[in-house]
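Can you make the complete structure from the sequences, with help from the hints?
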Amino acid sequence: MTPAPSAHDRRLYRVTDAMHLLSLSRSVIYELIRSGRLRSVTQGRTRLIPASAIEDYISLLEQEAS
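Counting along the sequence shown from 1, when you hit position 5 you're at -1 in the working numbering, and nothing is skipped either side.
Hint data in this document are derived by calculation from the structure and do not stem from the laboratory.
By construction, the Cβ of each residue, glycine as well, lies at the ideal position given by its N, Cα and C atoms.
There could be a bad hint or two in this list.
[What the hints assert, rightly or not] Here are the in silico distance ranges between beta carbons for each label pair:
| hint | residue 1 | residue 2 | range |
| --- | --- | --- | --- |
| 1 | A59 | R39 | 10 to 20 Å |
| 2 | S60 | Q37 | 33 to 43 Å |
| 3 | S46 | Y24 | 15 to 25 Å |
| 4 | G38 | S60 | 32 to 42 Å |
| 5 | R39 | S60 | 13 to 23 Å |
| 6 | L6 | L54 | 33 to 43 Å |
| 7 | R5 | L54 | 27 to 37 Å |
| 8 | Q57 | S17 | 13 to 23 Å |
| 9 | Q37 | A59 | 26 to 36 Å |
| 10 | R31 | R5 | 14 to 24 Å |
What follows is the structure, encoded as structure tokens:
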């Protein structure tokens, strides 16, 4: 039996998870997705945000701050 992946091993996050990780509201997350600053994918009717997209967004913020 394989152990369940920890939160750090996840590759996809629901919008609510991304809200908590980035300390942003739901509307801001969706605006970032619409503007192309935060990548997302859909699976059925669920919008998911890849962990790499969250990391890329944080890197973008760091670049803009320098």
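Exercise. Hint says 10 to 20 Å; check whether the CB-CB distance for A59 and R39 agrees.
Key: Hint violated: Cβ distance 35 Å, outside 10 to 20 Å.
Quiz item: R31 and R5, beta-carbon distance inside 14 to 24 Å?
Solution: holds, 20 Å
Quiz item: Is the gap between the beta carbons of R5 and L54 within 27 to 37 Å?
Solution: 19 Å Cβ-Cβ, so the 27 to 37 Å window is violated.
Self-check item: 33 to 43 Å as the expected CB spacing between Q37 and S60, which holds or is violated
Solution: Distance hint for S60, Q37 holds at roughly 35 Å.
Exercise. Using the Cβ atoms, figure out if Q37 sits within 26 to 36 Å of A59.
Key: holds, 33 Å
Exercise. State, for the Cβ atoms of L6 and L54, whether the hinted interval 33 to 43 Å holds or is violated.
Key: 19 Å Cβ-Cβ, so the 33 to 43 Å window is violated.
Self-check item: Satisfaction of the hinted span 15 to 25 Å by the C-beta atoms belonging to S46 and Y24
Solution: Given about 19 Å between the Cβ atoms, the range holds.
Quiz item: Has the hinted range 32 to 42 Å been met by the Cβ atoms of G38 and S60?
Solution: Between G38 and S60, where Cβ atoms are some 39 Å apart, the hint holds.
Quiz item: CB of Q57 to CB of S17, is that within 13 to 23 Å?
Solution: Holds, since Q57 and S17 (Cβ atoms, about 19 Å apart) stay within the stated range.
Self-check item: Range hint compliance [Cβ, R39 to S60, 13 to 23 Å]
Solution: Distance hint for R39, S60 is violated at roughly 39 Å.
Going through the hint list in order, the structure does not satisfy hints 1, 5, 6 and 7.
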